[in-house]
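Undergrad: Each chain is listed here by its residues.
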Amino acid sequence: MSFERIKEKLNILADAAKYDVSCSSSGSKRTNTDKGLGDSSGMGICHSYTEDGRCVSLLKILLTNHCIFDCAYCVTRKSNDIKRAAFKIQEVVDLTINFYRRNYIEGLFLSSGIFKNPDFTMERLIAVAKKLRTEENFNGYIHLKSIPGASDELMREAGLWADRLSVNIEVPTISGLKLLAPDKKHEDFTKPMLKVKNEIIQYKEEKKIIKSTPKYAPAGQSTQMIIGATGESDKDIMYSANHYYTNYNMKRVYYSGYVPVSEDSRLPAIGSQVPMLRENRLYQTDWLLRFYGFGINEILNDRHPNLDIDIDPKLSWALRNLEHFPVDINKADKRMLARIPGLGMKSVHKIISARRFRNLNWNHLKKIGVALNRAKYFIICDSNKWENRDLEAHKIKGLILQNSVGKFRKEYSSQLQLFN
Amino acid sequence: MIMNESRILIYDGSFNGFLTAIFVAFEEKAQVADIQKNTISQNGLFSKTETIFTQMDKAKRVWNGIQKKNNTAIKNIYFAYLSETEGVELLLYRYIRKMFAKNVDIVSDYSDGVVLKISQLTKSVGREKHRMEAFVRFQLTKDEIYFANIEPDFDVLPLISKHFRSRYADQQWLIYDVKRKYGLYYDLENVEIVSLDLQRIQANSTLKSDHFLDEEYGYQDLWNNYFKSTNIKSRINMKLHTQHVPKRYWKYLSEKKEAV
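Chains as they are written, first to last, in the working numbering: chain B, 1 to 420; chain P, 1001 to 1260.
One thing to keep in mind: the hints can contain errors.
[Unchecked claim] Derived Cβ-Cβ restraints for the label pairs, each shown as a range:
1. 70/B x 1075/P: 51 to 59 angstroms
2. 1236/P x 291/B: 28 to 36 angstroms
3. 1014/P x 369/B: 55 to 63 angstroms
4. 1029/P x 359/B: 31 to 39 angstroms
5. 1037/P x 89/B: 51 to 59 angstroms
6. 363/B x 1103/P: 24 to 32 angstroms
7. 89/B x 1143/P: 26 to 34 angstroms
8. 333/B x 1103/P: 20 to 28 angstroms
9. 349/B x 1236/P: 33 to 41 angstroms
10. 291/B x 1070/P: 21 to 29 angstroms
11. 1103/P x 349/B: 16 to 24 angstroms
12. 330/B x 1238/P: 37 to 45 angstroms
13. 1194/P x 372/B: 43 to 51 angstroms
[Claimed, not checked] In silico DSSO-like links for lysine-lysine, alpha-carbon gap of 27 angstroms or less:
14. 366/B x 1075/P
15. 207/B x 251/B
16. 1233/P x 78/B
17. 1239/P x 366/B
18. 197/B x 235/B
19. 215/B x 1162/P
20. 1102/P x 346/B
21. 35/B x 130/B
22. 1123/P x 367/B
23. 1058/P x 1048/P
24. 35/B x 1129/P
25. 366/B x 1123/P
26. 1048/P x 1162/P
These aren't lab readings, by the way, just hints derived from the structure by calculation.
Idealized CB from N, CA, C, for every residue including glycine.
Make the full structure from the sequences, and use the hints.
TA: This is how it looks when you write it as structure tokens:
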């Protein structure tokens, strides 16, 4: 093969694919069979990290960046004057196999611009996955994009070869979608999502009865939303995310701070800062909902439609609900321990294990790894030295901010505000 | 009286040798002042030294005894041992004694200093194992062996063998630990430990070596290009980058070749 030609295509088609955040390669249970190549039964692996600090786990490329649609937020939209390229199916297969054999990647993440029509495009993506599985006996991870508007039949086939399927909702609100992607309908996104969800349920049921039932998208499906492109509130975003988690059994919803890629009056101008801190707060909220037992309306509601920028959402919740504190570390149940600011789930589990042996004091908690600078205002332990002043919420917040160095501090320090 | 004189046990530096020392310590109810590798042993002023000869049957009995008592503990002990941390043998001895002294599962007693330390060492070694599963970069040699150099902080080769065997079942591969001068070689059937002293094959030099095919450099070039193209410049965060990919690993990563 011609390395020069492939290199040119790879540069164009990797560059266009990089705005898709997902790089997860875990959750599949595909093992190596008959001395084939690859195994994706373990945990995901990040083989490298780009200079922006993001994980490189999969070869993430578009099959082509030719596209018939003109979505304002998208770098490959029809009206954008950029270099276009397209891979042949065999070229993608060769690249994937050769990268995988050298331990560069866990597998392939294949997306595409929509050429001709959704079904034609989806067929091509499926052909790549099928070829990898059947001709190369490849058991690595494959993430395929569900093309909005693709037929049910194709979505059913896609899940037989892929580990994960995803369709990016991109714009969290229907009104925003109308504004930025007038060619697409909301149903174009949700229809393949619904099909995949139902197939997953059905295959799982069948597997209980017939053991040889093939796997269908064993790593589930995910979606992504752009943050900060259309003026939506954090509440809009998280309620929408919650909707996809509950109604479509999403494994993950990703939040992607909008990186301006075009001059368009409907969007932030090129050169605007990427809202990375806001993105971070949304992920924290996402975690609170999925792993910490919080309900969405506890964190975001009509009175608090946006997350605090200067403190994390759990601390923010605790400050609004001081009546639940202080919590006794040696007695509280798991649910309540998880609600203490500065305690991650790992610390919660360690505390529950360790307190069976003896009552824990400040020193123990520190060694276990609890972030005491936040936690100490909310807990009591085996010691009589605890925070016993009756502090008000804003006072606690002030003390915590004074005594901590957050990685995003420069983005909200008061010095900067002088110039805004 | 002689039974209770404190002793320094000297073993041959192998894990089985260490387990034999544990066996001896328990069987003879010895006062153990330290357990040391024969390569770095030091005489104590008030203790007598005793050389332990590795005996597989005794080592096996210790392994089985611990495993029977607690499956997590045996993993922790092996991982922590591979950290090669100074004094880890004595720490492990105390850990094992604690385990057998009590009827409760001590593995999760995180407010105990010894238990916490072992659990932290286990975590560090586990992290290094995972890093090596990620950072191995194979290069295809002219005799069709996928070859990689590594230089891990801890002796994790024995821990990654299974991972690579189940992943690359249809290709020959060799992973060589530059620091410890031994490697794992898979010949399409089994994985074996090979001791060699490789001086010449230095991975990831910007110079080409005639050990490898031209095609190999073609793919490295593609990978390096991909690595650059997939970066989003407006989100640059070098601190996070080096936190995830610490600089000491760069010399074996082809995508960081130019940066080294």
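Undergrad: Hint by hint, note whether the structure agrees.
TA: A quick look at each hint next to the structure:
Separation of residue 70/B from residue 1075/P is about 55 angstroms and conforms to the stated range, judged on CB atoms against 51 to 59 angstroms. Range check, residue 1236/P to residue 291/B: Cβ separation about 30 angstroms, and the 28 to 36 angstroms hint holds. In this structure the supplied range 55 to 63 angstroms is violated for residue 1014/P paired with residue 369/B, their Cβ-Cβ distance being about 33 angstroms. Evaluation of the 31 to 39 angstroms hint for residue 1029/P and residue 359/B yields a pass: the beta carbon distance comes to about 33 angstroms.
For residue 1037/P and residue 89/B, the Cβ-Cβ distance of about 56 angstroms falls inside the hinted range of 51 to 59 angstroms, so the restraint holds. Between residue 363/B and residue 1103/P the beta carbons are some 26 angstroms apart, a value that agrees with the proposed interval 24 to 32 angstroms. Between residue 89/B and residue 1143/P, the C-beta spacing of about 31 angstroms keeps the proposed range 26 to 34 angstroms intact. A beta carbon spacing of about 26 angstroms between residue 333/B and residue 1103/P agrees with the range 20 to 28 angstroms that was offered as a hint.
The beta-carbon spacing between residue 349/B and residue 1236/P, approximately 35 angstroms, falls within the hinted interval of 33 to 41 angstroms. Our hint of 21 to 29 angstroms for residue 291/B and residue 1070/P holds, since their Cβ atoms are close to 27 angstroms apart. Checked against the hint of 16 to 24 angstroms, the pair residue 1103/P and residue 349/B passes, with Cβ atoms roughly 22 angstroms apart. Evaluation of the 37 to 45 angstroms hint for residue 330/B and residue 1238/P yields a pass: the beta carbon distance comes to about 43 angstroms.
Against the hinted window of 43 to 51 angstroms, the Cβ-Cβ separation of residue 1194/P and residue 372/B comes to about 49 angstroms, which satisfies the hint. The straight-line distance between the Cα atoms of residue 366/B and residue 1075/P is roughly 25 angstroms, inside the 27 angstroms bound, and the hint therefore holds. Simply put, residue 207/B and residue 251/B have alpha-carbon atoms about 20 angstroms apart, close enough for the 27 angstroms limit, and the pair holds. For a cut-off of 27 angstroms, the pair hint linking residue 1233/P to residue 78/B stands: about 23 angstroms separates their Cα positions.
With a CA separation close to 26 angstroms, the supplied pair residue 1239/P and residue 366/B stays within the 27 angstroms bound. Of the supplied pair hints, the one linking residue 197/B and residue 235/B holds, its CA atoms being roughly 25 angstroms apart against a limit of 27 angstroms. Restraint check: the Cα-Cα separation between residue 215/B and residue 1162/P comes to about 24 angstroms, which is no more than 27 angstroms; the hinted pair holds. For the suggested pair residue 1102/P and residue 346/B, the alpha carbons sit about 25 angstroms apart, so the restraint of at most 27 angstroms is met.
The hinted pair formed by residue 35/B and residue 130/B meets the criterion: a straight-line CA distance of about 18 angstroms does not exceed 27 angstroms. A C-alpha spacing of about 15 angstroms is found between residue 1123/P and residue 367/B, which places the hinted pair at or below 27 angstroms, so the restraint holds. The suggested pairing of residue 1058/P with residue 1048/P holds, with an alpha-carbon distance near 23 angstroms, which does not exceed 27 angstroms. Distance hint between residue 35/B and residue 1129/P is fulfilled; the C-alpha atoms sit about 24 angstroms from each other, no more than 27 angstroms.
Taking the CA atoms of residue 366/B and residue 1123/P, the gap is near 17 angstroms; set against the 27 angstroms cutoff, the hint holds. Of the pairs offered as hints, the one joining residue 1048/P and residue 1162/P is violated, with about 41 angstroms between alpha carbons and a cut-off of 27 angstroms exceeded.
The structure is inconsistent with the numbered hints 3, 26, although it conforms to all the rest.
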